[in-house]
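**Q** The primary structure of each chain is shown beneath.
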Amino acid sequence: MNKKVIFIIILTLIALILVYLYSFGPLAKTRLSHSINQQSAKPTTEKINLNNQQVSFNTYHNKDAKENYYSVKTPADWQIGQASVPGTYDFTAPNIIARTETMDVSDNTTLELYVLSQEEPRLKKEASGYKKIDYQKVSINGSQAYQLTYQATENGKTNTIVKTYITGADKAGVITVTVPQDKFTAEQSIFTSFVNSFTWENI
Amino acid sequence: MKNIFYFISLALLGFGLYLQYFYDVPDVQATVNFFTSWFFIIIGIASFLINIFWSQPDNKKPRE
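Just so you know, the protein sequences line up as chains Z and E, in that order. Residue 79 is where the first sequence starts when you use our numbering, and the numbers rise one by one after that. Residue 65 is where the second sequence starts when you use our numbering, and the numbers rise one by one after that.
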């Protein structure tokens, strides 16, 4: 065995250790943050007429995952949180907590079947005081979507949660809006326009 | 014999590249896929290079 071969073996072992650390070890977080596109958190601003009022909206174009580019519009006063998972946005407003994300649905099922057979039972199990209010099929910018509305209790407060699952070419889009039960009607037009703004950008 | 090792090395490398760039991996398997694909790519490249250098002497000394 010559020196070059020994050098290659040592280099290979170092590379394998690094790959292991990037996969399962302490460097895994670095790998995830690298796949978040910094441009995704930079919005473009425009004014939209909502209930005869000019409201400023921010449009976020998420370009984290190839084949799963999407955009959402939020009122300009909504705060965006630090993204920790690629393809995800966390927004907070005085009475609204909203999250958009992408979800993998296996090829051997449909999104509706997945929502009814996997997601709803999971929510029932995990959400304290789960009470289903509504389930409907909707269309969001030409994409078939399934909207589940339910109530859940957190820290003694009852919230109404609207979860919208939007079919996509690769993954499904998921929008979760959490509103205190007593503020639901007052905030409905705002968060509905937010949900309806979801657009796949690579179709 | 050496050609067989070249073929195996390139097959490992090709399989690793396929997993890395062409395989539609479910979200829950993304980490395992990352590790497996890079594992095959590294082993493929390393075995290919070892195959090249294995029979070469370290220093070419002039024959007496």
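Hints listed in this document are in silico derivations from the structure and should not be mistaken for laboratory results. Please note that a few of the clues may not be correct.
To be verified - Computed Cβ-Cβ distance ranges for the label pairs, DEER-style:
no.	chain 1	residue 1	chain 2	residue 2	range
1	E	V89	Z	N130	47 to 57 Å
2	E	Q84	Z	K210	36 to 46 Å
3	E	Q84	Z	V163	16 to 26 Å
4	Z	L194	E	G78	12 to 22 Å
Said to hold, decoys possible - Some chain E residues flagged as far from chain Z (calculated, every beta-carbon gap over 10 Å):
no.	residue
5	Y70
6	I72
7	P90
8	I106
9	L113
To be verified - Taking beta-carbon pairs under 8 Å as the criterion, some of the chain Z residues facing chain E (in silico):
no.	residue
10	N80
11	V83
12	I88
13	L94
14	V97
15	S101
16	G103
17	Y147
18	D182
19	S206
20	K209
21	N274
Backbone N, C-alpha and C fix where the C-beta goes; we use that ideal spot for every residue, glycine too.
**Q** Hint by hint, say whether it matches the structure.
**A** Consistency of the hints with the structure:
| no. | hint | verdict |
| --- | --- | --- |
| 1 | E:V89 <-> Z:N130: 47 to 57 Å | holds (48 Å) |
| 2 | E:Q84 <-> Z:K210: 36 to 46 Å | holds (42 Å) |
| 3 | E:Q84 <-> Z:V163: 16 to 26 Å | holds (21 Å) |
| 4 | Z:L194 <-> E:G78: 12 to 22 Å | violated (41 Å) |
| 5 | Y70 | holds (15 Å) |
| 6 | I72 | holds (15 Å) |
| 7 | P90 | violated (5 Å) |
| 8 | I106 | violated (5 Å) |
| 9 | L113 | violated (5 Å) |
| 10 | N80 | holds (4 Å) |
| 11 | V83 | holds (5 Å) |
| 12 | I88 | violated (10 Å) |
| 13 | L94 | holds (6 Å) |
| 14 | V97 | holds (4 Å) |
| 15 | S101 | holds (4 Å) |
| 16 | G103 | violated (10 Å) |
| 17 | Y147 | violated (17 Å) |
| 18 | D182 | holds (4 Å) |
| 19 | S206 | violated (25 Å) |
| 20 | K209 | violated (29 Å) |
| 21 | N274 | violated (26 Å) |
Of the numbered hints given earlier, the model fails hints 4, 7, 8, 9, 12, 16, 17, 19, 20, 21; all others are met.
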